[in-house]
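*Asks:* Sequence:
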Amino acid sequence: MLFLPPYSPDLNPIELVWKDLKRWVNTYYHSCYTLELRMSSIIWFLRVIILGIGLISFMTYLRKV
1 MLFLPPYSPD LNPIELVWKD LKRWVNTYYH SCYTLELRMS SIIWFLRVII
51 LGIGLISFMT YLRKV
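In this text, residue positions in the sequence shown follow UniProt numbering: the first is 1, and each later residue adds one.
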């Protein structure tokens with residue numbers, strides 16, 4: 001077992017994931033407004049799909065997974 005110091009971002013794998021995620025967001029979304037707009041459109045789309053399918057049918061899909 002390898003013991004790491006209490007806080008070592010260089011040795012923490014999740015820090016590498018966050019670094020790549022931040023770089024991706026900064027590349028494709030130049031402002032928070034565009035990111036918020038994209039997220040709100042995704043949420044709206046999911047709401048339309050769930051309401052269109054119906055909650056009962058959606059729960060059936062979830063049980064299959």
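Don't read these hints as lab results, they were simulated from the structure. By construction, the Cβ of each residue, glycine as well, lies at the ideal position given by its N, Cα and C atoms. There's no promise every hint is true.
[Stated by the list, open to error] Label pairs and their calculated CB-CB ranges: (1) R63 - K19: 20 to 28 Å; (2) E15 - V48: 33 to 41 Å; (3) F45 - W24: 15 to 23 Å; (4) F45 - V17: 22 to 30 Å; (5) I56 - Y33: 23 to 31 Å; (6) R23 - I56: 26 to 34 Å; (7) N26 - I56: 39 to 47 Å; (8) I43 - K22: 19 to 27 Å; (9) T27 - R63: 37 to 45 Å; (10) N26 - G52: 28 to 36 Å; (11) V17 - L37: 20 to 28 Å; (12) K19 - I49: 26 to 34 Å; (13) T60 - N26: 35 to 43 Å; (14) K22 - S57: 34 to 42 Å.
*Asks:* Is it true that the C-beta distance of N26 to I56 lies inside 39 to 47 Å, as the hint says?
*Replies:* Distance hint for N26, I56 holds at roughly 42 Å.
*Asks:* Does the hinted range 20 to 28 Å hold for V17 and L37 at CB?
*Replies:* holds (24 Å)
*Asks:* Take a look at whether the Cβ-Cβ distance between K19 and I49 falls inside 26 to 34 Å.
*Replies:* The hint (26 to 34 Å, Cβ to Cβ) holds, given that K19 and I49 are roughly 33 Å apart.
*Asks:* How does the Cβ-Cβ distance of T60 and N26 compare with 35 to 43 Å: does it lie in that range?
*Replies:* Distance hint for T60, N26 holds at roughly 40 Å.
*Asks:* CB of R63 to CB of K19, is that within 20 to 28 Å?
*Replies:* violated (37 Å)
*Asks:* Mind checking the hinted window 28 to 36 Å against the Cβ distance between N26 and G52?
*Replies:* holds (35 Å)
*Asks:* Are T27 and R63 spaced within 37 to 45 Å by their CB atoms?
*Replies:* Given a distance of about 38 Å, which is inside 37 to 45 Å, the answer is holds.
*Asks:* F45 and V17, beta-carbon distance inside 22 to 30 Å?
*Replies:* holds (26 Å)
*Asks:* Is the hinted range of 15 to 23 Å satisfied by the C-beta distance from F45 to W24?
*Replies:* Because 21 Å falls inside the window, the suggested range holds.
*Asks:* At the C-beta level, are I43 and K22 separated by a distance inside 19 to 27 Å?
*Replies:* Taking Cβ atoms as reference, I43 and K22 lie about 22 Å apart, which means the hint holds.
*Asks:* Taking the CB of K22 and the CB of S57, does the distance hold inside 34 to 42 Å?
*Replies:* holds (38 Å)
*Asks:* Is it true that the C-beta distance of E15 to V48 lies inside 33 to 41 Å, as the hint says?
*Replies:* holds (37 Å)
Figure legend: structure checked against the earlier numbered hints; hints not met, in rising order: 1, 5 and 6.
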